[in-house]
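If you want the building blocks of each chain, they are given just below.
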Amino acid sequence: MSQLPSNSAKEPSITRIVLHIAGDSGDGIQFAGKQLTIASAQRGYAVITMPNFPAEIRAPKGSLYGVSGFQMHVGSTDIYTPGDAIDVLVAFNAAALKKALPDIPEGKIILADEDGFNPSNLKKAGYSSNPLVDGTLDNYQLITAPISKLTRQALLQAGVQSKLAQRSRNMFVLGMILWMFDLSLEETIAQLQQRFKDVPEIAQANIAALKAGWNYAETVELLHPLQLPPHNNENTNAGQYTIAHGYEACVWGLLAAHKEAKRPLFFASYPITPSSDILQYFGNFLSEDVEVFQAEDEIAAISSAIGASFAGAIGVTSTSGPGFALKSEALGLAVMTELPLVLIDAQRAGPSTGMPTKTEQSDLLQALYGRNGEAPLIVLAASTPANCLDYAYWAVKLALEHITPVVLLIDAYLIMGAQRLEASALKKLPPIIPHIASDDIANYAPYKRNPNTLARYWAYPPMKGKMHRIGGLEKEDVTGHVSYDPENHHKMVQLRRQKVEHVRQVIPPLQTEFADTGELLVIGWGSTYGSIKAAVQYLYDKGHAIGHAHLHFIHPLPKNTEQILRKFDKIVVCELNDGQLHRVLQAEFPGMKLRKYNKIQGIPFKERELIEAFQKMLTPEHSPIQHNSSS
Amino acid sequence: MSQLPSNSAKEPSITRIVLHIAGDSGDGIQFAGKQLTIASAQRGYAVITMPNFPAEIRAPKGSLYGVSGFQMHVGSTDIYTPGDAIDVLVAFNAAALKKALPDIPEGKIILADEDGFNPSNLKKAGYSSNPLVDGTLDNYQLITAPISKLTRQALLQAGVQSKLAQRSRNMFVLGMILWMFDLSLEETIAQLQQRFKDVPEIAQANIAALKAGWNYAETVELLHPLQLPPHNNENTNAGQYTIAHGYEACVWGLLAAHKEAKRPLFFASYPITPSSDILQYFGNFLSEDVEVFQAEDEIAAISSAIGASFAGAIGVTSTSGPGFALKSEALGLAVMTELPLVLIDAQRAGPSTGMPTKTEQSDLLQALYGRNGEAPLIVLAASTPANCLDYAYWAVKLALEHITPVVLLIDAYLIMGAQRLEASALKKLPPIIPHIASDDIANYAPYKRNPNTLARYWAYPPMKGKMHRIGGLEKEDVTGHVSYDPENHHKMVQLRRQKVEHVRQVIPPLQTEFADTGELLVIGWGSTYGSIKAAVQYLYDKGHAIGHAHLHFIHPLPKNTEQILRKFDKIVVCELNDGQLHRVLQAEFPGMKLRKYNKIQGIPFKERELIEAFQKMLTPEHSPIQHNSSS
Amino acid sequence: MSRTVDYKAFLSDQDVRWCPGCDDYIILRAFARALAALGLPPERHVVVSGIGCASRLPYYVNTYGLHGIHGRAPAIATGVKMVNPDLYVWVITGDGDALAIGTNHFLHAIRRNIDINILLFNNEIYGLTKGQFSPTSRLDLKTRSSPQGNIQPPFHIGSLVLGADVSFYARVPGNDLNAMTQVFVEAARHKGTSVVEILQNCPVFNDGVFHPVTDKNTAVEHALWIEHGRPLIYGKDRKQGIVRDGCGLRPIHWESEQPPSEVVVHDEKVDNPAYAFALTQLSDPTVFGIIRRIRRPTYEERSRALKQKVAQSAVVHDFIRKTILQENL
Amino acid sequence: MSRTVDYKAFLSDQDVRWCPGCDDYIILRAFARALAALGLPPERHVVVSGIGCASRLPYYVNTYGLHGIHGRAPAIATGVKMVNPDLYVWVITGDGDALAIGTNHFLHAIRRNIDINILLFNNEIYGLTKGQFSPTSRLDLKTRSSPQGNIQPPFHIGSLVLGADVSFYARVPGNDLNAMTQVFVEAARHKGTSVVEILQNCPVFNDGVFHPVTDKNTAVEHALWIEHGRPLIYGKDRKQGIVRDGCGLRPIHWESEQPPSEVVVHDEKVDNPAYAFALTQLSDPTVFGIIRRIRRPTYEERSRALKQKVAQSAVVHDFIRKTILQENL
Ligand SMILES: Cc1ncc(C[n+]2csc(CCOP(=O)(O)OP(=O)(O)O)c2C)c(N)n1
Ligand SMILES: Cc1ncc(C[n+]2csc(CCOP(=O)(O)OP(=O)(O)O)c2C)c(N)n1
Ligand code: SF4
Ligand code: SF4
Ligand SMILES: [Mg+2]
Ligand SMILES: [Mg+2]
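Residue numbers (this note's numbering), protein chains in the order written: chain A, 1 to 631; chain B, 1 to 631; chain C, 1 to 329; chain D, 1 to 329.
Keep in mind that the hints were calculated from the coordinates and are not lab data. Please note: incorrect hints may appear among the correct ones.
To be verified - Derived BS3-like pairs: lysine-lysine, alpha-carbon spacing no greater than 27 Å straight-line:
(1) A:Lys491 with B:Lys616
(2) B:Lys262 with D:Lys307
(3) C:Lys307 with D:Lys142
(4) C:Lys142 with D:Lys309
(5) B:Lys464 with D:Lys191
(6) A:Lys98 with A:Lys123
(7) C:Lys322 with A:Lys197
(8) C:Lys309 with A:Lys262
(9) A:Lys124 with A:Lys99
(10) C:Lys236 with A:Lys259
(11) D:Lys309 with C:Lys130
(12) C:Lys130 with B:Lys124
(13) B:Lys98 with B:Lys606
(14) C:Lys8 with B:Lys61
(15) B:Lys149 with B:Lys34
(16) A:Lys61 with A:Lys34
Note that this is a predicted model, so its numbers are computed, not measured.
Given the sequences, and given the hints that come with them, work out the whole structure.
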């Protein structure tokens with residue numbers, strides 16, 4: 001296993017670093033992480049971040065299951081995941097160290113707050129002696145400091161109440177980290193001033209702690225061990241990028257589509273982990289024509305969104321696993337009435353309540369088939385926190401242009417993760433031309449279709465001359481009247497299918513990365529993009545004829561899918577489930593034998609495990625062939 | 001097309017007849033049909049019947065969409081369907097004739113009530129002149145009679161109020177039919193006396209009409225055109241058989257399993273067409289340990305059944321398409337908690353509300369995949385009204401022996417159809433040994449498993465020493481404690497899958513009928529059994545190497561499935577949907593190329609259409625080979 | 001009531017397919033008349049329904065119509081109304097649709113006081129599915145799913161909606177065309193959720209269950225028509241009336257010419273729902289008319305006010321404003 | 001209350017994982033004490049819950065327990081109880097669980113009067129999902145899903161359950177161990193659905209919302225503890241009380257030594273729910289104690305009676321009796 005990458009070890013100079021901060025959930029870890037992310041992005045680095053919340057709301061202090069973590073992968077080259085192995089751990093207490101240690105390769109940096117290793121903390125973490133002093137960490141670069149005490153002193157000096165010290169420790173640590181990363185304090189200070197402008201006392205305490213941390217690092221002569229060259233291709237001009245969490249990117253994508261399509265946006269949801277962030281964040285965007293509605297349950301949420309679509313808006317609803325199951329029946333109504341509706345499902349580990357805070361890709365078959373009758377619809381999947389924006393936008397685009405419901409699959413990992421989003425990405429979004437019944441259509445009938453796309457024409461109240469009545473009963477072709485006619489039913493089932501299949505013609509073709517022909521093609525979808533890409537790149541760079549194709553359009557599949565698959569000797573479908581896409585592709589392409597690689601642990605793939613898995617599928621003697629790549 | 005069978009035409013002597021009675025829904029068609037069925041069965045014939053209700057509760061009289069029909073296929077050899085082509089039509093009015101005519105081959109018998117062809121009736125049926133006299137029916141054996149008038153007169157003679165005449169017409173007609181079939185009146189008279197024992201006036205009117213019809217048939221010298229030789233293998237001893245509708249057979253199967261398993265039975269449902277009959281019929285079986293509960297919705301129905309299973313009962317719930325969708329989330333809970341639950345889904349045409357009274361097989365993928373997360377369960381499908389009993393029984397058996405939810409798929413066609421059920425079938429049911437935690441199990445833990453079947457041990461309140469707490473969160477192997485451990489989750493997902501897959505070891509192997517190796521294997525499931533079998537038999541008898549395999553155990557598949565498939569050159573999967581089982585089998589057996597034949601019209605396959613379809617798949621020169629069959 | 005528009009203009013060209021003799025025909029006519037009386041162009045009306053006999057109504061009226069799924073019409077209607085508060089949104093529902101599977105949405109719409117008009121066809125039975133008991137069916141009723149008699153005590157619709165603080169609640173007999181027309185118009189004019197409970201006879205599966213209170217001959221003794229500001233008096237001789245009894249109400253009978261002074265005068269605007277609640281607890285006589293009509297902010301009014309009040313959130317930073325919201329900063 | 005069994009025997013060995021300072025800890029203790037006081041073997045108790053912080057409780061008690069899905073606990077409990085009416089079935093639920101997604105099942109259980117005991121932890125917030133407003137959250141409350149303030153008016157739980165004719169309804173403060181213990185015992189002893197609304201402080205997402213009525217210092221002026229047969233009097237000087245006001249109730253204050261005679265005497269057994277309804281409409285003072293307790297047949301009693309009454313249906317013919325029901329004919 002020694003030949004596997006440990007992120008930065010094998011590279012000539014350090015170009016990417018994985019930092020992990022961990023402590024009690026009350027320690028302000030996520031806030032410090034967010035500031036650090038902003039500062040890093042500002043400096044022009046690529047960043048991908050991932051929080052790791054405890055399942056409990058407020059777990060007891062110092063407990064193992066109460067550890068809250070924040071991980072940031074920062075790089076001066078492209079990076080794809082929040083990172084497998086930790087280069088720098090900042091541990092606020094013993095439990096934090098205990099939980100993270102297995103992910104820290106020897107030789108890496110551990111920065112620990114001595115004050116978090118008192119006997120009570122040690123006991124809660126299950127340590128019988130203090131690992132900071134008992135030799136446990138001999139093979140690491142250990143830096144300890146009495147951070148709590150130092151923060152208290154710093155506040156005293158700055159004339160701020162020292163009772164704020166405990167809550168300011170995170171800023172002291174942030175100051176140290178900024179020093180280590182050679183990042184400036186300016187941006188962070190500005191952010192703190194803005195954020196706490198109504199509570200100047202807190203702003204002052206935070207800033208004092210921040211500066212003290214920085215100064216302390218300088219004083220104890222910490223080096224700048226984490227200096228990275230700037231990222232070549234990144235724009236550091238503020239205003240040209242932002243940090244996007246997956247939930248934010250979803251909201252922005254929907255809003256961008258709403259602006260482009262010039263139709264009102266109606267968003268309805270019922271809180272459920274991990275999708276709730278979308279609902280919560282949406283609440284900041286109320287406007288004349290943006291409505292956000294917290295419904296009494298998931299069924300009401302989708303039903304109100306269907307009503308909104310009928311009334312001329314983009315109806316959107318979001319949920320997670322069990323809530324998705326509850327929406328099944330109403331989603332069937334949207335299929336039957338052919339209304340433009342978007343459903344975002346932030347998948348989590350199932351079945352049933354499962355592990356609500358953990359990630360998984362196991363709602364795919366539900367998205368495709370979880371309704372009574374033949375009820376086809378469009379299924380998309382985003383693959384990075386930032387491109388949640390693109391696919392949310394595409395979801396609205398396809399819904400409005402094809403007048404049909406669309407399911408967008410994301411997951412716990414995407415929704416909580418964050419990365420840079422470039423303003424330029426927004427410029428690349430395609431136009432949206434809603435398929436609205438124009439006034440020059442004579443004799444409007446609700447199920448008259450565009451002969452090309454088979455989309456029906458959308459008309460809504462109070463349009464004149466286009467009143468119609470639709471519903472869940474089978475309807476007569478064209479007129480939309482209730483019909484029990486056998487042939488009509490057969491025809492309508494086919495039409496609904498063909499309309500969805502036609503979307504194949506308008507979506508981008510499937511792309512392969514790295515080898516586009518050769519021995520092994522790795523197929524993935526959703527949030528595994530980063531890990532698969534990193535693993536494939538590693539093996540490709542080692543000379544293997546390995547390619548990566550990631551599906552963002554799952555139903556219908558891009559029309560070149562089969563063609564791409566046929567270019568490889570072996571194909572493996574990698575998923576965080578028990579083989580759902582594998583099953584779909586296997587049925588779709590009967591001749592081919594598809595392998596699968598699956599993990600159902602509620603956590604993402606690690607780059608290393610994928611490399612190992614793929615390596616087993618590759619013929620050893622094939623390598624090393626030198627590609628014309630830069631490695 | 002002339003080489004196709006028209007039921008009886010090609011056969012040397014008539015051995016089976018399709019009779020169809022049609023009129024307004026108030027005409028008592030279904031009641032007459034039921035009596036006729038009983039009389040036929042009593043005589044020892046094989047019978048399969050099928051009603052055809054209008055979608056409206058009470059449609060206007062004489063209207064086309066208000067026609068209520070009853071079809072009976074009766075034979076002195078085995079029969080498999082209610083029949084495609086009508087040999088004898090009894091039409092109460094013009095609309096009834098209009099609707100049925102396309103299904104009557106020339107030369108067949110039409111018996112019409114003249115009184116139902118008055119100008120108003122003709123107009124409602126869309127006839128511009130009277131088909132009884134304008135030559136339309138020249139190529140049929142037309143028998144007309146002023147049935148309304150005759151009934152009125154008969155009642156007058158018998159001293160009964162003639163205002164009952166309209167309601168007694170059905171008995172006059174039944175009398176005529178019984179004569180034509182050479183069946184005795186006795187049994188019917190006895191039934192009428194029993195049924196109307198509290199309203200002797202009505203009994204008298206009905207009996208008078210019945211006799212009058214019989215006498216009239218004799219008087220006008222109707223022949224006995226429909227004399228059938230008795231069925232060889234049928235037992236005519238009352239008490240040895242009964243007529244079973246699909247909904248009755250479901251209830252009986254559940255009750256039989258309940259008696260065998262010696263556990264209470266809790267049945268909960270919410271009305272929905274076509275499943276409601278099960279709920280309604282169940283209401284007649286209340287007892288100390290049989291509870292029937294009409295819940296406030298489908299979610300409450302399944303939830304209460306889950307509660308019942310937790311409390312030590314066989315929890316059963318029934319529904320149809322949209323209701324099934326609503327139960328998705330709770331079904332996931334049953335998967336996670338591993339409770340013995342049976343869900344019966346009477347499929348109807350979808351998606352959404354679809355065509356509620358029409359049949360379809362389009363909930364299969366929903367049954368398999370319509371839940372969040374990896375949530376495998378057992379899926380069974382009955383194939384005839386009578387064997388609904390067997391598979392309802394098997395559903396309970398597998399649920400109780402493997403402590404896991406089971407979905408039983410039936411459909412509108414099965415639930416409404418009826419056929420003879422032999423008492424001997426009941427004797428063949430296998431034993432049921434519920435997998436209950438016995439007292440000699442030390443240290444009960446809810447997720448300790450039987451090492452062989454992987455079933456957990458069922459314990460329920462108020463068992464002593466076995467208290468436990470379970471729920472929808474992922475649980476630790478063995479102990480059942482809540483667990484977020486990654487490896488544990490992976491393991492539990494696999495265990496739940498393997499437990500279901502293990503059922504493969506205990507179910508009967510898949511059987512082929514007719515050829516068991518050769519050119520074409522037809523695979524079907526559910527209510528298409530009869531039509532497929534009849535079609536395959538026809539072609540087999542013509543000398544083709546064609547076989548039929550019908551799946552009753554769909555998940556897991558019988559272990560010899562692949563083996564059977566491999567014995568044929570071509571395989572076609574026939575379904576009343578857009579190809580759902582086809583998709584499943586294609587994913588299951590990647591190497592094989594499976595054809596499909598589908599119909600999505602809300603109505604069953606016709607024997608003829610299947611024969612035509614299969615014929616196209618068969619090599620003409622192969623036939624005729626003489627099998628060692630009796631044809 | 002304006003008679004300028006013929007109510008037939010509000011009927012669609014579809015065949016009406018209820019059973020002969022069903023009250024639904026009368027209700028449909030009353031509804032079309034009410035629409036005509038409101039004087040708005042038909043495309044301003046959206047009629048949303050669930051599933052059931054009643055819920056077939058949208059097909060029969062010439063407006064925008066959405067025949068939804070069972071029990072969800074109030075939720076669907078909420079979406080319609082929020083997108084365009086200028087629309088007149090009607091919910092057509094039955095006792096099963098609103099009070100079995102749909103109890104949630106029905107009560108939550110009422111709680112929010114969204115300005116939709118709910119016409120609840122209460123026939124105390126599931127009609128469309130052919131005669132099973134419903135949550136308003138009386139005890140002991142034999143139905144297809146209670147062959148031995150119903151053992152589930154019924155909901156009092158009025159008490160339930162008052163428990164959710166309904167701002168407009170009226171009850172009308174399904175055979176009284178004029179009364180229904182008028183009440184439908186008042187419901188439409190009311191700002192907030194209006195619930196009109198229609199006692200609808202289902203001649204096929206639950207015939208005559210309301211006859212004592214809807215039949216001309218008997219109703220005079222068993223029905224109490226109320227009107228704002230008028231005393232609660234009924235009976236052929238007008239010698240019966242309603243008085244307080246603790247926090248409840250009870251009927252009394254008198255012989256004198258003048259009614260006793262304790263007879264309660266109807267006030268549809270009492271803020272405390274206790275009075276209206278007490279009215280709904282009366283069963284003999286059964287109360288008809290507008291039982292409660294109060295003004296409280298509607299959901300869409302609160303939403304509009306919130307949007308006006310609220311400054312742009314600090315969470316929305318410049319990047320988003322410029323790129324997504326397309327604001328010129 | 002018997003003290004023979006130590007309540008700790010009813011606590012399981014699982015780590016309790018609520019936030020520090022949460023009222024849920026006190027409620028759990030009260031529940032365990034009530035179980036001990038009831039004196040039944042633990043396996044006779046089944047504790048069913050939905051999803052939410054509250055709904056975690058079954059893991060912490062040493063009985064049979066089923067942690068269900070969101071909102072469905074009353075339906076699950078119905079199945080448990082019908083299979084074995086000898087079991088004591090408890091439903092643990094929250095304001096979101098019972099009154100958002102679960103409104104249906106909650107109210108239908110009450111309507112049927114099935115003999116289960118529903119403990120409703122009302123913290124006026126969604127706790128488990130980290131702080132969104134719930135159907136009982138007050139207007140204008142800022143929460144994670146109402147960053148600008150809540151615009152959905154809350155349900156009055158009491159009024160709602162009385163609208164469904166609840167046979168036992170009590171309200172208790174979530175910080176009062178003894179009061180809760182007693183009321184839980186009474187709820188268990190009541191035949192029929194009992195609903196106990198617990199005003200539960202969520203110190204993390206909705207801290208202090210009930211303090212005026214649960215805090216010792218302020219409660220004396222803002223809380224009214226009621227008892228059957230006692231006048232509705234409260235306040236430090238016992239010079240405030242409740243009188244009738246139309247069909248409603250309102251507080252008054254007096255100076256004389258003796259309370260005025262109009263002060264209402266509490267009667268938990270009034271058949272007409274109007275009085276209890278009026279009590280639930282009071283907000284200052286907030287009423288604590290058993291608001292209603294009446295005896296009406298439970299669902300399982302009706303079911304048992306039906307089974308005894310009913311002769312075997314004619315539909316069940318001999319063939320079935322012999323072969324399926326295994327009767328000896
Ligand atoms: C999810 C779902 N469950 C059940 C049904 C079946 N169903 C249709 S209408 C109905 C009840 C109708 O009763 P009600 O609302 O009182 O209307 P009515 O027919 O009496 O007017 C039921 C149970 C359905 N269509 N969908
Ligand atoms: C079907 C479904 N929808 C949503 C959720 C998410 N969820 C879990 S608990 C909860 C609300 C909890 O609020 P409440 O019932 O008041 O309980 P509390 O946490 O406040 O005790 C929600 C929305 C879920 N688990 N399942
Ligand atoms: S079943 Fe009853 S409610 Fe339905 S249409 Fe017929 S009469 Fe009317
Ligand atoms: S979130 Fe609130 S209700 Fe939930 S455990 Fe924490 S304090 Fe208690
Ligand atoms: Mg009804
Ligand atoms: Mg709560």
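Verification of the supplied hints:
Straight-line distance between C-alpha atoms of Lys491 (chain A) and Lys616 (chain B) comes to about 23 Å, which keeps the hinted pair within the 27 Å bound. About 19 Å separates the Cα atoms of Lys262 (chain B) and Lys307 (chain D), which keeps this hinted pair within 27 Å; it holds. Proximity of Lys307 (chain C) to Lys142 (chain D) is assessed by CA-CA distance (about 15 Å); at most 27 Å being required, the pair is judged to hold. Taking the CA atoms of Lys142 (chain C) and Lys309 (chain D), the gap is near 14 Å; set against the 27 Å cutoff, the hint holds.
The straight-line distance between the Cα atoms of Lys464 (chain B) and Lys191 (chain D) is roughly 25 Å, inside the 27 Å bound, and the hint therefore holds. The hinted pair formed by Lys98 (chain A) and Lys123 (chain A) meets the criterion: a straight-line CA distance of about 11 Å does not exceed 27 Å. Of the pairs offered as hints, the one joining Lys322 (chain C) and Lys197 (chain A) holds, with about 23 Å between alpha carbons and a cut-off of 27 Å not exceeded. Taking the CA atoms of Lys309 (chain C) and Lys262 (chain A), the gap is about 24 Å. The hint holds against a cut of 27 Å.
With a C-alpha separation of about 12 Å, the suggested pairing of Lys124 (chain A) with Lys99 (chain A) holds against the 27 Å cut-off. Proposed proximity of Lys236 (chain C) and Lys259 (chain A) is contradicted: the alpha carbons are some 65 Å apart, above 27 Å. For a cut-off of 27 Å, the pair hint linking Lys309 (chain D) to Lys130 (chain C) stands: about 26 Å separates their Cα positions. Restraint check for Lys130 (chain C) and Lys124 (chain B): the C-alpha separation of about 25 Å stays at or below 27 Å, so the hint holds.
Taking the CA atoms of Lys98 (chain B) and Lys606 (chain B), the gap is near 20 Å; set against the 27 Å cutoff, the hint holds. Pair hint Lys8 (chain C) plus Lys61 (chain B) holds up; C-alpha atoms about 25 Å apart against a cutoff of 27 Å. Taking the CA atoms of Lys149 (chain B) and Lys34 (chain B), the gap is near 24 Å; set against the 27 Å cutoff, the hint holds. For the given pair, Lys61 (chain A) sits about 22 Å from Lys34 (chain A) by alpha-carbon distance, which is consistent with the 27 Å threshold.
Hint check: a violation occurs at hint 10 only; the rest are consistent with the structure.
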